[in-house]
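Just so you know, the protein sequences line up as chains A and B, in that order.
Letter by letter, the first sequence follows residues 1 to 95 in our numbering.
Letter by letter, the second sequence follows residues 1 to 407 in our numbering.
Treat the hints with care, since some could be wrong.
To be verified - Coverage of chain B stretches by chain A, computed from C-beta distances (three or more under 8 angstroms per stretch; other residues unrestricted):
1. 93-106
2. 132-139
Stated by the list, open to error - Not close to chain A: a few residues of chain B, all C-beta gaps over 10 angstroms, as computed:
3. GLY42
4. TRP46
5. VAL124
6. ALA163
7. ASP373
Stated by the list, open to error - If the Cβ cut is set under 7 angstroms, some of the chain A residues that face chain B in the computed set are:
8. LYS26
9. VAL49
10. ASN50
11. PHE53
It should be emphasised that the hints constitute simulated quantities derived from the structure, not laboratory data.
Here the structure is a predicted model, which is why all the values come from computation and not from measurement.
Glycine included, each C-beta is placed from N, C-alpha and C at the ideal position.
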Amino acid sequence: MASQPTHAGQDSVTDRVLKIIADNQKKDVSVVTVESSFEELNIDSMDAVNIVFALENEFNVNVPDEEMKNIRSVRDIVEGMHKLVAESPDGPKAA
Amino acid sequence: MRRAVVTGIGVLCAIGRNLAEFRDSLRLGRDGASPLHNPEPGGAAWNMRFTTAAQVRDYNAIDHFDPKAADMLDRFAQFAVIAGREAIRNSGIEWTPELRESTAIVTGSCIGGQSTEDKGFVEVYRRGRPRPHPMTIPKTMANAGASALAMEFGITGPSFTVATACASSNHAIGLAANMVRTGMCDVALAGGSEATFSEGVLLAWEAMRVVSPTICRPFSKERNGMMLGEGAAMLVIESLEHARARGAQPLAEIAGVGMSSDAHHVTQPSAEGAARAISRALADARLAPEAIGYVNAHGTGTTVNDATETWAIHLAFGGHAERLAVSSTKSMHGHTLGAAGAIESAAAILALREQFIPPTIHYGEADPECDLDYVPNESRAWNGEYAISNSFAFGGLNAVLALRRLA
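Put together the whole structure using the sequences plus the hints.
Structural data, given as structure tokens:
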């Protein structure tokens with residue numbers, strides 16, 4: 001088990017985030033990338049809430065309301081989850 | 001006042017995935033009961049006293065909805081949309097922007113999406129999750145079916161949902177018919193839907209001790225409770241002029257609507273209250289009691305309902321009561337709660353159109369307190385022009401529809 005966030009660990013967070021987004025949007029994970037826009041993936045505001053709910057369960061973290069308002073893209077979600085996972089008491093373990 | 005006619009019907013329940021199957025099942029007296037499919041494996045509901053129900057079998061949401069849309073709708077709202085699609089298809093309506101604006105949607109549901117809510121609460125209370133799924137609120141709301149129908153067909157007229165327990169969809173259809181009659185809209189999509197099979201909801205029914213642990217036998221001496229069912233029915237209702245103008249064939253007329261409140265007791269029905277709703281439906285249709293040939297009864301199969309309803313029919317029909325054919329189709333499709341009025345109105349319209357009376361199945365020994373002709377066990381041919389469909393809710397809220405055959 002890694003004692004600090006590694007490149008592989010960070011990829012794992014990204015992959016898990018992308019998979020959750022793909023599952024929620026009922027799309028193949030291959031079409032969901034960090035560069036995908038919400039428009040491309042048909043993510044509306046309710047979808048964003050559903051995705052964040054699933055991520056909270058997946059990573060055992062709590063996304064504050066003010067962070068929710070800043071989510072505009074897949075990249076925002078991926079970067080936000082990396083930050084939360086790093087700050088989480090479960091941090092590297094969750095990753 | 002304009003005349004409100006039915007030009008399309010859609011049905012989904014334990015004895016029919018569509019109107020044609022439903023009709024065949026009514027004619028053949030098919031039993032919708034099967035071993036209860038429990039939604040929560042290993043949960044407390046596994047030890048319930050009742051073990052059968054009239055569930056919609058082999059249902060896969062993704063056969064009817066794209067996977068994302070299926071996720072957004074509770075089963076009860078999915079049923080509403082499926083029945084609505086069939087009703088609209090059968091009506092032959094062709095949408096224009098103007099027609100969409102002058103079309104109403106009135107749905108009934110007793111518990112709405114409580115199954116979704118229940119699953120969410122299992123996650124929170126039993127599994128210790130911090131919160132239920134974010135879609136819990138919009139999936140649970142009782143108007144989810146009406147809203148989904150509006151979005152599916154782009155219907156932009158007055159739309160809402162009525163919740164009067166087991167009379168919900170009779171109230172909905174009655175209101176919709178009156179909206180058409182008074183000119184508030186030209187067309188209305190009205191009916192009800194219900195999907196009651198989640199662990200907590202099932203246990204709540206068991207706690208009331210009104211569900212039969214064996215077989216649902218409405219009006220029989222040995223009756224010991226209802227059978228829970230699920231499903232939906234939707235009717236396309238429009239003014240007679242509107243139907244004629246577009247060349248549609250009316251299936252039946254909603255000739256009269258009667259409503260009343262018992263103001264008596266939360267679960268014990270009152271014969272006087274029920275009789276008043278029947279008499280008002282007849283008066284609204286300008287019919288003498290003698291005009292009616294068939295009564296689709298509320299007929300839940302509980303000791304109290306069936307005796308009280310029998311007395312109500314005596315009160316409303318006087319000496320004509322003994323010449324009526326009275327049947328409980330709940331013996332076949334179960335008590336579908338907020339969908340009951342709609343499914344049973346569909347049954348009554350089929351009875352009028354095809355001139356057969358659906359039976360009360362599992363009828364056994366006669367009960368002196370239930371002394372009418374309940375069309376025991378086998379459907380029969382008849383020749384009649386008018387039927388009524390009764391719905392009486394917990395809380396003492398009653399709604400009765402008087403239906404006329406239109407050849």
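Evaluated hints:
Here's how the stretch 93-106 of chain B fares: 0 of its residues keep a CB closer than 8 angstroms to some CB of chain A, so the rule of at least three is not met and the hint is violated. Note: the stretch 132-139 of chain B has 4 residues with beta-carbon separation from chain A under 8 angstroms; the three-residue rule is met and the coverage holds. Chain A leaves B/GLY42 outside its interface by the beta-carbon criterion, the shortest separation being 21 angstroms against a cut-off of 10 angstroms. Listed as outside the interface, B/TRP46 is consistent with that label: its C-beta sits roughly 26 angstroms from the nearest C-beta of chain A, beyond the 10 angstroms cut-off.
With a closest Cβ-Cβ approach of about 12 angstroms to chain A, B/VAL124 is found to remain outside the 10 angstroms limit, as its non-interface label requires. The claim that B/ALA163 lies off the interface holds: its Cβ sits roughly 24 angstroms from the closest Cβ of chain A, which is beyond the 10 angstroms cut-off. Here B/ASP373 stays apart from chain A, with its beta-carbon at least about 53 angstroms from theirs, past the 10 angstroms limit. Using the Cβ-Cβ criterion of 7 angstroms, the hint placing A/LYS26 at the interface with chain B is satisfied: the shortest such distance is roughly 4 angstroms.
Hint status for A/VAL49 relative to chain B: holds, with the closest Cβ pair at about 5 angstroms, below 7 angstroms. The beta carbon of A/ASN50 comes within 5 angstroms of a beta carbon in chain B, closer than 7 angstroms, and the hint placing it at the interface holds. The closest approach between the C-beta of A/PHE53 and any C-beta of chain B is roughly 5 angstroms, which is under the 7 angstroms cut-off, so the hint is satisfied.
When held up to the earlier numbered hints, the structure conflicts with hint 1 and nothing else.
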